[in-house]
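J.: Spelled out, the chains give:
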Amino acid sequence: MSLVKLENIKKEYEIGKVKIPVLNNFNLEINSGEMLALAGPSGSGKTTILNLIGCIDTPTSGNIYINNRLCSRLNEKELTDLRNYEIGFIFQYFNLIPVLTVFENVELVLIMQSELNKKERKEKVEKVLKEVGLNDLQNRKPAFLSGGQQQRVAIARALVKNPKFVLADEPTANLDSKTGEEILKLIKRLNEEKRITFIFSTHDKMVMQFAKRLVQLQDGRIIEDEKK
Amino acid sequence: MRKNRIYISLILLSLKNVFRNFKRSTLTFLCISIGMSAFLIVTGLIYGIETQSIKNYIETRVAHIKIYKQGYFEDISILPLDKTLNYNSSELQKLKNNNYNFCLRILFSANLIIGEYELPCIAAGIDFNNDKKIFKIINSIITKNFDNKDGYKKIYIGIDIANLFKLKIGDIITITSRTKYGTINADDFIIAGFVNTGNPEIDNFYLFININEARVFLDLANDEVTEISMIVDDYSIEKIEKVKKDLRNILGNNYRINGWYDEIKDVLNFFEFRRRARLLISMLLLILASVGVINTMLMSVFERMQEIGTLMALGMSKKKIIFLFISEGAIIGLLGGFFGAIIGGIIVWYFKKYGIDISSLTGFNINVPIKTYIYAYLPIRYYFLSILYGLVLSMFVSFFPAFRASKFNPSEILRK
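Chains as they are written, first to last, in numbering that gives the first Met the number 0: chain A, 0 to 227; chain B, 0 to 415.
Just so you know, not all the hints are guaranteed correct.
[Unchecked claim] With the C-beta cut set under 10 Å, the calculated list includes, among others, these residues of chain B facing chain A:
#  : residue
1  : ILE5
2  : LEU9
3  : LEU11
4  : ASN16
5  : THR178
6  : LEU279
7  : ASN294
8  : LEU310
9  : MET315
10 : ILE345
11 : LEU413
[What the hints assert, rightly or not] Taking lysine-lysine and the DSSO-like style, the derived pairs with C-alpha atoms no more than 30 Å apart in a straight line are:
#  : chain 1 : residue 1 : chain 2 : residue 2
12 : B       : LYS132    : B       : LYS167
13 : A       : LYS118    : B       : LYS167
14 : A       : LYS140    : B       : LYS22
15 : A       : LYS163    : B       : LYS153
16 : B       : LYS15     : A       : LYS140
17 : A       : LYS76     : B       : LYS264
18 : A       : LYS9      : B       : LYS317
19 : B       : LYS68     : B       : LYS153
20 : B       : LYS68     : B       : LYS317
21 : A       : LYS117    : B       : LYS318
22 : B       : LYS406    : A       : LYS4
23 : B       : LYS15     : A       : LYS129
24 : B       : LYS317    : A       : LYS163
25 : A       : LYS126    : B       : LYS319
26 : A       : LYS140    : B       : LYS406
Worth flagging that the hints you see were computed from the coordinates, not collected in a lab. Each residue gets a CB set at the ideal place from its N, CA and C atoms; glycine is no exception.
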């Protein structure tokens with residue numbers, strides 16, 4: 000049973016009256032626990048696929064199944080809930096809320112879920128910050144963190160909700176190679192120890208090496224799907 | 000309860016966002032504060048003018064209640080002498096028996112003759128002992144010792160008439176008027192003092208003589224008066240209406256009983272018109288303030304597109320995105336309204352205490368019975384209203400930028 004299934008996906012962007020095809024008859028299945036990298040040059044469709052899987056974009060045609068649920072059948076609220084509870088996001092530019100501290104950035108996700116009380120949230124946030132090695136910096140604002148530290152906050156924010164899978168759009172693109180490697184080691188550890196599914200988009204060779212499954216894309220098509 | 004926690008957290012996040020760009024937020028607060036304080040100042044001055052005008056009318060001319068003979072009020076512009084009250088009548092004597100606080104007056108049209116000049120005036124025969132219990136005319140008289148060895152009857156004239164003709168205390172003036180029976184009578188009077196009420200209507204047009212001398216001058220019987228003026232403890236419209244009802248029961252239907260608001264109906268209608276003008280001015284001020292809020296909110300939305308996209312990707316609903324930005328607007332409006340109320344309150348307090356000197360506006364028709372200082376007055380509810388206006392207005396105008404933010408496509412804005 001696949002965790003994510005893209006079936007006959009077609010995606011076109013409209014710029015003015017011009018339609019630009021990005022994906023055409025695209026199929027992909029991702030299973031739970033995978034650490035998959037979508038690699039390819041710019042414009043190959045990597046980010047589009049991540050956006051479709053993350054339910055922040057819709058395909059022109061075709062079906063996307065998340066945990067066997069057909070996304071096109073879900074209403075606005077169900078899609079929001081799906082993102083809120085089941086999908087973690089890590090962005091290339093970290094996208095932390097600058098006015099919130101490290102702790103508050105991570106806690107915000109739990110507040111949005113409205114499931115836990117303050118004490119439970121605190122415990123959970125502190126636990127995840129410890130996992131990513133940031134428990135000493137929880138009161139800092141993002142502006143006072145290094146790029147690597149900010150990305151760790153973003154990882155903690157993605158993990159705190161115990162998502163079914165985490166989407167990471169070029170997670171090392173704004174980090175130096177040493178920091179990038181540290182982040183990848185952290186992700187690999189989380190994948191191995193906690194069986195968290197990670198789906199990357201990247202053109203960083205180091206990320207490709209770390210990934211356990213590498214899907215090479217070109218012009219919206221899979222040219223190679225390699226399981227290591 | 001837990002579901003509400005997200006909204007509390009969003010309000011806290013909004014608060015932080017408001018102070019993110021301190022200079023811009025401060026400018027927006029100022030924009031609202033200036034709008035709100037201007038609203039309070041304009042309202043305070045207009046309220047002050049109205050309150051002071053009504054007070055002046057009551058204290059110098061209309062009292063709280065007036066009693067006329069039926070038919071007199073309809074012809075009041077010509078001050079008829081054929082529709083007088085007989086104070087010794089059994090009905091009117093009941094006023095005395097019921098301990099009402101009142102005075103008797105005879106009002107008539109008169110011409111003041113000074114040399115070759117003739118000035119139409121309103122003359123009032125008043126009972127000097129009782130009049131001061133009802134009106135402030137007697138207390139406003141400016142007088143000094145003068146020589147009256149020829150035993151002229153005394154007259155008190157409005158100070159502006161005196162200034163116009165350069166009259167002095169002790170000068171002799173001639174008054175002419177038609178008697179009750181239509182013949183023209185004339186008599187000389189010695190100026191015993193100047194009436195300086197601050198109500199231009201009185202100070203420009205009124206002459207005051209003794210009521211008994213007025214009766215003789217006008218061929219009226221010794222109990223005839225044109226009006227009875229009365230004051231009560233509480234002159235609210237509700238209370239006056241109650242007293243009017245009681246008086247009708249006592250006096251019957253031969254008398255016209257007017258509350259102060261019946262006497263100055265035209266003035267109150269004008270105030271109503273002015274209130275609408277004030278509303279228009281207030282609206283313009285509020286629109287001005289709202290432009291600042293819209294500008295700030297739109298800038299805020301477009302600056303934070305990435306952040307909005309992130310929040311959406313993390314699972315924040317469109318409703319909550321709208322809430323986030325509207326609460327930012329609400330905070331700006333609340334703070335702006337609050338500071339506006341403080342600034343406006345201080346300025347209104349200053350004008351309440353020291354007033355605005357309008358004496359230099361002599362000759363400029365501002366349609367108020369005030370000629371020296373206008374004092375601001377503002378009921379406390381207006382301060383709360385200004386804060387509420389600031390809040391509601393900001394929330395209202397923030398809706399468009401907030402709605403705009405909620406319509407962003409997260410995949411598109413995260414791509415930028």
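J.: For every hint, state whether the structure bears it out.
T.: Checked hints:
1. At its closest, the beta carbon of ILE5/B sits 5 Å from a beta carbon of chain A; the interface hint therefore holds under the 10 Å criterion.
2. Annotation: LEU9/B was flagged as interfacial toward chain A, and the flag holds, the nearest CB pair being 9 Å apart, inside 10 Å.
3. Restraint check, LEU11/B versus chain A: the minimum CB separation of about 9 Å is within 10 Å; hint holds.
4. The closest approach between the C-beta of ASN16/B and any C-beta of chain A is roughly 6 Å, which is under the 10 Å cut-off, so the hint is satisfied.
5. A distance limit of 10 Å between C-beta atoms decides the matter here; for THR178/B the minimum to chain A is near 86 Å, and the interface restraint is violated.
6. Annotation: interface hint on LEU279/B violated; nearest CB of chain A at approximately 40 Å, more than 10 Å.
7. Hint status for ASN294/B: violated, given a least beta-carbon distance of 21 Å to chain A, over 10 Å.
8. Here the hint on LEU310/B is kept, as its CB sits about 8 Å from the closest CB of chain A, short of 10 Å.
9. Evaluation of the MET315/B hint against chain A yields a held restraint, the C-beta minimum of about 6 Å falling below 10 Å.
10. With a cut of 10 Å, the hint placing ILE345/B at the interface with chain A is violated, because the nearest CB-to-CB distance is about 33 Å.
11. The closest approach between the C-beta of LEU413/B and any C-beta of chain A is roughly 7 Å, which is under the 10 Å cut-off, so the hint is satisfied.
12. Of the supplied pair hints, the one linking LYS132/B and LYS167/B holds, its CA atoms being roughly 27 Å apart against a limit of 30 Å.
13. Taken as a hint, the LYS118/A and LYS167/B pair is broken in the structure, with Cα atoms around 88 Å apart against an allowance of 30 Å.
14. For the proposed pair LYS140/A and LYS22/B, the alpha carbon gap of about 20 Å is at most 30 Å, so the pair holds.
15. Under the criterion of a C-alpha separation no larger than 30 Å, the hint pairing LYS163/A with LYS153/B is inconsistent with the structure, at around 104 Å.
16. Restraint check for LYS15/B and LYS140/A: the C-alpha separation of about 12 Å stays at or below 30 Å, so the hint holds.
17. A threshold of 30 Å between alpha carbons decides the hint, and for LYS76/A with LYS264/B the separation of about 60 Å lies outside it, so the pair is violated.
18. In summary, the hint linking LYS9/A to LYS317/B is supported, as the alpha carbons are separated by about 26 Å, within the 30 Å threshold.
19. In summary, the hint linking LYS68/B to LYS153/B is supported, as the alpha carbons are separated by about 28 Å, within the 30 Å threshold.
20. Straight-line distance between C-alpha atoms of LYS68/B and LYS317/B comes to about 72 Å, which puts the hinted pair past the 30 Å bound.
21. With a C-alpha separation of about 23 Å, the suggested pairing of LYS117/A with LYS318/B holds against the 30 Å cut-off.
22. A hinted pair counts as satisfied when its Cα atoms are at most 30 Å apart, and LYS406/B with LYS4/A qualifies at roughly 28 Å.
23. Distance restraint check for LYS15/B and LYS129/A: the Cα-Cα separation of roughly 26 Å lies within the 30 Å cut-off, and the hinted pair is therefore satisfied.
24. Under the criterion of a C-alpha separation no larger than 30 Å, the hint pairing LYS317/B with LYS163/A is consistent with the structure, at around 23 Å.
25. For the given pair, LYS126/A sits about 27 Å from LYS319/B by alpha-carbon distance, which is consistent with the 30 Å threshold.
26. A distance of roughly 28 Å separates the Cα atoms of LYS140/A and LYS406/B; the hinted pair therefore holds under the 30 Å criterion.
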